[in-house]
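Take a look at the letters that make up each chain.
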Amino acid sequence: MTETARAEEMARLLEGADPDVGDKVRIGVCSGAGCRALGGQAVLAALTAAAEARGLGETVKVFGVGCPGSCQQGPVVIVDPPAYFYQKVASSDAADILEAAVAGKVVERLLFKDQVTGEAYQTVPEVPFFKHQERVVLRHSGAINPESIEDYISVGGFQALVKAVTSLTGPEIIEEISRSGLRGRGGAGYAVGEKWRRCREAPGDIKHLICNRSSLEGLDFQILEGLIIAAFAVGATSGVVYLRQQNQKTVTQMRAAVKKAYEFGLLGQGILSSNFNLDLEIYESDSAFVAGEETAMIAAIEGERAVPRVRPPYPTEEGLWGRPTLISNAETFANVPAIIGQGADWFRSLGTLESPGTKVFSLTGKVRNGGQVELELGTSIETLIYEIGGGIPGDRAFKALHVGGPSGGSVPAAALDMPLDYESIEAVGAIVGTSDLAVLDECTCMVETVSSFINLMADESCGKCAPCRIGTKRMAEMVDDIINGRAELGLLAELEALAKVVKTTSLCGLGRTAPNPILTTLKHFRSEYEDHITAKKCSAATCSALVKAPCSHTCPAGVDAPSYIALVAQGRYDEAIAIHRERNPFPSICGRVCHHPCEARCKRGQLDEPIAIALIKRFMSDKAAPIHPEFPRDPSNQHRQVAVVGAGPAGLACAYYLALVGYSVTVFESLPVAGGMMKVGIPDFRLPTEILEKEIEAIIDAGAKIETGKALGRDFTIDGLFEAGHQAVFLGTGAHAGNQMGLDRETDLDGVIDGAAFLRAVNLGEPLRAGRRTVVVGGGNVAIDAARAALRQGAEQVKVVYRRTEKEMPAYEWDIREAREENIVLDFLVSPVGLVEQDGRLTGIKCQRMVLGARDDQGRRRPEPVAGSDFVEEADMVIAAIGQSPDLDYLPEDSELRGRWGRLGVSSETLMGDRAGVFGGGDAVSGPASVVEAVRHGQLAAAEIEKYLTGASLIDLQLAAAEHRRIEPIPEEEFQAAGIVRRSPPEADPQARQGDFREVVLALAENDAREEAARCLRCDLDED
Amino acid sequence: MKTSTRSRVSTPDLILELRRIQDEHGYLPQSTLREVADRLGAPMSYIYGVVTFFDEFSLERRGRHNVCVCRGSACGVKGGKDIISAAADVLGVGPGQTTPDFEYTLETVSCFGNCAVAPAMLVDKELYGDLTPERVRSLLDSDD
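Protein chains in written order, with the numbering used here: chain A, 2 to 1025; chain B, 90 to 233.
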């Protein structure tokens, strides 16, 4: 045909264009499934009614638009011009939207706001969710009525089809598609042009086309345009659109669209006045997963069970009814009009060399702004999650991106920079085609997630081939054994081996991809599997067979939080304290200094905010005396002597539980006071001395003796302890030696001190003035504590320099906030390179700027120096707080107790070293950790010492009995339901508190504490 | 070389026919299947194979309303398990079962494909998203 013919056809089509796309204000209400499920149709009805009632028919056009993708913000309304984006709209907002639209104003309260910064965004292109997307397939989504062919024509729809039919030949079209590099969007990414060519060249008079229409709701005309072009190019004269009947709306819309296309002469005989014919049918399918496999889909259309068959022959040679068949995913077809319209070169300018163009993904899981997104291929996971997705709710840690649903693979946090394209997605064991991107955070259990995937695949396996039919079932059973705590470690190797067999020997894609979640998580998250098997621990605290309540499961010491919280709600503080002390004798201390991982997993946190467990603990321990829990006591134990070296949290806990079951325990402490790091590491403004003393007194009260000023290696030896009649020794000597920065003159220049030594001097009341200008190097708790202590010791100006950014700081965020309130300056991406001195006096510290480079295994970016960025920070005191190590000088060089990394070496199960009867725990074994982790070691060691001496543990007996404890819930009317906010503690005034060591965080009032406790959802009472 | 050895009964209308019967009776009574087999000249075993392959067909009488909860991956990540148990709790029957009064049948499905509003549930042909166990209870309690 000629150019004239083309122009004529286009003109004829445009007669059908919607005349309404003129100067009216267009109010589009999303009619996608997401918004409909959230009440979008009611909003559309309300807006339509309100517009009619106001007689605005000539000024505004209210209509349903195709899904813009921001489903999690639904129902969504877009007012154009200028494309104001309103989210979470209710019917009651209709009047305000209309009035503002007519007046050209914006309804502020309905705008999208960044959940972290609170910044509001007005129009679609400004909203971060859209800003970082590249829209080819979804270019018209949210702008036009998806059910109107007129709307589609008005925005240039069918022009590519007219161009193809009137001025191009089949081979020319195929050549253009080949040049564009378009790859199949539904499966493993086969080259589309090549597939078209094979179908065109396959012998046969009649050829078919099948469109797998399981995605992209609302793009019917665009998909139709693409598939008609494809049919023309390959010479197919009959086509089937394969739809899933669960989506009735999609089925109805597609049927209507096909009917319209016939009416407009775009389907049927003599399309666009040419001799090209195409008839199209709709096939409604059931949801059978396996039917996504092309040969299974063909079987279903032929009226058979949807089971796949062996390829070759490929459908392009022998497909539907045994004839050459082009079978493609809807998204592949939806790309075609743009490629034919704008050319292969334009298309290649998007995406990467091997993966040109874009891909539509469904972004789901633990992300603030989920929905349907279209990304330029090669976009990084970081951009996807943090720019488009707005980050993870509650700013929890990103754990993995699961690509490709139940047949896909998981990418760990270390791969945040990974580009999303065919190659890299395949490399992680997933395929692009499944389009499902699920963000998993620290509260998602990888093994449980895998269990749901493999169980689904076992259900969906069609049963035709044995590896898939039997293998998926067996794998599902194995994974279920793991999450139910029934597995042994050897099972992992069996699971991995079976997964590989199923992957390599199954007949079709379903079986070949079903093992992917297992294989990728075994690769990247093996320790999570191992924790379930050996420690019976689920780090996400979600596996119900292992987890009684997330809080107590997550607590390193396993304290029964729901029970004592329930007792506090009832005002029964003595009982609450006794329960706490059963696993941790320091409720008052931990109520103040614990990092409370229990709260991070609290289920209430998924509803609104977690229970303030630490504050409740602090309140009850301030309120009640330190009552001892009941442990069974064996009178003969008093003849058994145990020596504990080090009166820190590990040693004291060990001594306490041994004393409670009747042993004679003596604790030897090298410093003049007991408490270890709790005394000399934590300043009084976080933990007042009298609080510490009260809880140490209770340990003495239980029967443990403490001898201070007695240092191992100086005053006694391990051999000596045994000779003196001690039958077992526990070493809890801590990690008190500050690490060095490795700078010249660091050890002998006056004014340079390590953080642990500085805090020790302050806490022991030694005469020490901080420098006028003090610089603290480091980003952990010791750094922040040292900085705040320096301020209170008279420093005029305190600056903390840290080599990474605030996000990576290990210090607790609440302590960082308090430090800022006290005018401590934090300078990030700074690393020390030398000390500056004048006349033998420290005058400054030479630093260099850093940038964050490549990621390490944990996903943290490594800091790298910026060349030529050196500068001098003036300072007359430098505190190096870059970590501590155990000081094991008391052991001979060749001692069997020396372990890796300069730590004590003991068995992780029994905490006993290679010398019989010598146990170890706390920081000396683990390196610097928290009080509660040291307590766990102390109690575990106590039970193991019992077993070593008597063959059984009374401590374990009591802890096992306590598992069955059940504290009755409070009456329902007292429950603090949703909407009742988490209580915050009062704090000392930042100005006033800087001058002394008074406690900063204050206690909750009794009423607040009890109400806070009454917010608890009592997960421990859930029966599964 | 021809490697295909397909010897299937081609019955393009079978599934449509089965759907029609199910729409009429709410399930597929045995007697109707025999009629279909006779009419299409296909063995009963073949018909049975197709019927039991697809979730949409039922050989037993079903409830007047169909409640279908998604157990897909996205819904699973967002608490789909709790949604299924809440629905089972309200209706008093497990997945795959029908209430004794034949009012409700509870089912689960691999994936609706509406992951953005996960967790999701279909009541007859109406889709509900962003569900919580509480919302499931109120939806199913108020539904007649």
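It is worth saying that the hints were derived from the structure and are not from the lab.
Heads up, a few of these hints could be off.
Unchecked claim - In the DSS-like style, the derived pairs of lysine-lysine whose C-alpha atoms are separated by at most 27 Å in a straight line are: (1) A:K250 x B:K170; (2) B:K170 x A:K538; (3) A:K132 x A:K808; (4) A:K537 x A:K604; (5) B:K170 x A:K114; (6) B:K170 x A:K261; (7) A:K538 x A:K524; (8) B:K214 x A:K549; (9) A:K132 x A:K89; (10) A:K537 x B:K214; (11) A:K260 x B:K214; (12) A:K164 x A:K25; (13) B:K170 x A:K89; (14) A:K549 x A:K504.
Unchecked claim - Label pairs and their computed distance ranges (CB to CB): (15) B:T221 x A:G903: 48 to 54 Å; (16) A:A536 x B:L148: 28 to 34 Å; (17) B:Y116 x A:D280: 30 to 36 Å; (18) B:T221 x A:A536: 44 to 50 Å; (19) B:T221 x A:E767: 38 to 44 Å; (20) A:W322 x B:M133: 22 to 28 Å; (21) A:Y263 x B:L148: 53 to 59 Å; (22) A:P204 x B:P132: 30 to 36 Å; (23) A:P204 x B:E192: 55 to 61 Å; (24) B:P132 x A:L354: 53 to 59 Å; (25) B:Y116 x A:G486: 52 to 58 Å; (26) B:Y116 x A:I283: 21 to 27 Å.
Stated by the list, open to error - Far from chain B, some chain A residues (derived; all Cβ distances over 10 Å): (27) R306; (28) A307; (29) V308; (30) E495; (31) Q741; (32) T748; (33) I981.
For glycine and all other residues, C-beta sits at the position ideal for the given N, C-alpha and C.
- Which of the numbered hints are not met once you compare them with the structure shown? Hint check: 5, 6, 8, 10, 12, 14, 16, 18, 19, 21, 25, 27, 28, 29 fail, others pass.
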